[in-house]
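Asker: Okay, so the sequence shown: first residue is 1 according to the UniProt record's numbering, each after it adds one.
For the record, the hints were derived by calculation from the structure and aren't laboratory data. Idealized CB from N, CA, C, for every residue including glycine. Hints are not guaranteed to be accurate.
Unchecked claim - No more than 25 angstroms apart at the CA atoms, straight line, and that leaves these computed lysine-lysine pairs for DSS-like: (1) K83 <-> K143; (2) K131 <-> K114; (3) K94 <-> K131; (4) K5 <-> K23; (5) K138 <-> K114; (6) K143 <-> K14; (7) K83 <-> K138; (8) K83 <-> K94; (9) K114 <-> K141; (10) K83 <-> K114; (11) K83 <-> K14; (12) K94 <-> K23; (13) K143 <-> K114; (14) K131 <-> K14; (15) K131 <-> K143; (16) K138 <-> K89.
To be verified - Okay, the calculated beta carbon distance ranges per label pair: (17) K131 <-> E55: 20 to 26 angstroms; (18) K14 <-> H68: 19 to 25 angstroms; (19) R85 <-> Q8: 28 to 34 angstroms; (20) P119 <-> Q8: 35 to 41 angstroms.
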Amino acid sequence: MMEQKVEQLIEAVKMGSLEDVQKLLSQGVDVNSEEYGPGSGGNSLLYAIDRSNEEMVALLVENGADVHYNRSTITPLNLAVQKTRNLVKYLIAKGADVNLLDSYGNAPLHHLAKTSNIPVSIEIAELLIEKGADINLKNSKGKTSLELAVGYGCIIMAEFFYQHGAIWNRTDDPVDSAIINHRKSIVSNIYSDRYD
1 MMEQKVEQLI EAVKMGSLED VQKLLSQGVD VNSEEYGPGS GGNSLLYAID RSNEEMVALL
61 VENGADVHYN RSTITPLNLA VQKTRNLVKY LIAKGADVNL LDSYGNAPLH HLAKTSNIPV
121 SIEIAELLIE KGADINLKNS KGKTSLELAV GYGCIIMAEF FYQHGAIWNR TDDPVDSAII
181 NHRKSIVSNI YSDRYD
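Between the sequences and the hints, there should be enough to build the whole structure, so can you do that?
Answerer: Shown next, in the form of structure tokens:
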């Protein structure tokens, strides 16, 4: 019976039905329950964030959704940085840890290192850093946000991280890595920074 109620809750979140979600929560369905079945593992908060439904996210969090949920492949904040600044601000205001690693060992800044939505990503990165995100935090593979951005060829994000104090932690020089990865404009910016 409870499994069915959890599925109804998740379906109501996916459909954006605030009324149905409120009804199910008032019936005692655990807001942090996970979806059942093969390939599942998400919860209602992750689905609301994935759909950028700010009202739904607020309803779920106000009813006890865990902003540090970390039993899926991604945390709520790591997913939010890929969506909207408002969701990021809200989750941080509700206590989300800006350095929490997901199951792949990445923090929010690591996710921003491979983005293509540059203006929004820079705004979000600035907010995360302002709220205490460690710009030199290494992921589970020992890479920082700067190293990931260089590796992915996200030139603007690499420059942003570098200009905000990111330290190149690898034994090779950032210029060597950029050349290896054919990132000539990063090389140009690093050299101009060194010799200006």
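Asker: The structure should be examined with respect to each hint, and the outcome stated for every one.
Answerer: Status of the hints after comparison with the structure:
1. K83 <-> K143: holds, 23 angstroms
2. K131 <-> K114: Measuring from Cα to Cα gives roughly 21 angstroms; hence the hint holds.
3. K94 <-> K131: holds, 12 angstroms
4. K5 <-> K23: holds, 11 angstroms
5. K138 <-> K114: Holds, at about 15 angstroms.
6. K143 <-> K14: Answer violated: K143 to K14 is near 34 angstroms, above 25 angstroms.
7. K83 <-> K138: holds, 23 angstroms
8. K83 <-> K94: Satisfied, since the Cα-Cα distance of roughly 17 angstroms is no more than 25 angstroms.
9. K114 <-> K141: holds, 15 angstroms
10. K83 <-> K114: Holds, at roughly 14 angstroms.
11. K83 <-> K14: Satisfied, since the Cα-Cα distance of roughly 16 angstroms is no more than 25 angstroms.
12. K94 <-> K23: holds, 23 angstroms
13. K143 <-> K114: The hint holds at about 13 angstroms.
14. K131 <-> K14: Cα-Cα ~30 angstroms, so violated.
15. K131 <-> K143: Holds, at about 21 angstroms.
16. K138 <-> K89: holds, 23 angstroms
17. K131 <-> E55: 20 to 26 angstroms: holds, 23 angstroms
18. K14 <-> H68: 19 to 25 angstroms: At roughly 22 angstroms between Cβ atoms, H68 and K14 fall inside 19 to 25 angstroms, so the hint holds.
19. R85 <-> Q8: 28 to 34 angstroms: Distance hint for R85, Q8 holds at roughly 31 angstroms.
20. P119 <-> Q8: 35 to 41 angstroms: Roughly 38 angstroms apart at Cβ, these two residues keep to the hinted range, so it holds.
The structure does not agree with the numbered hints 6, 14 stated previously, though it agrees with the rest.
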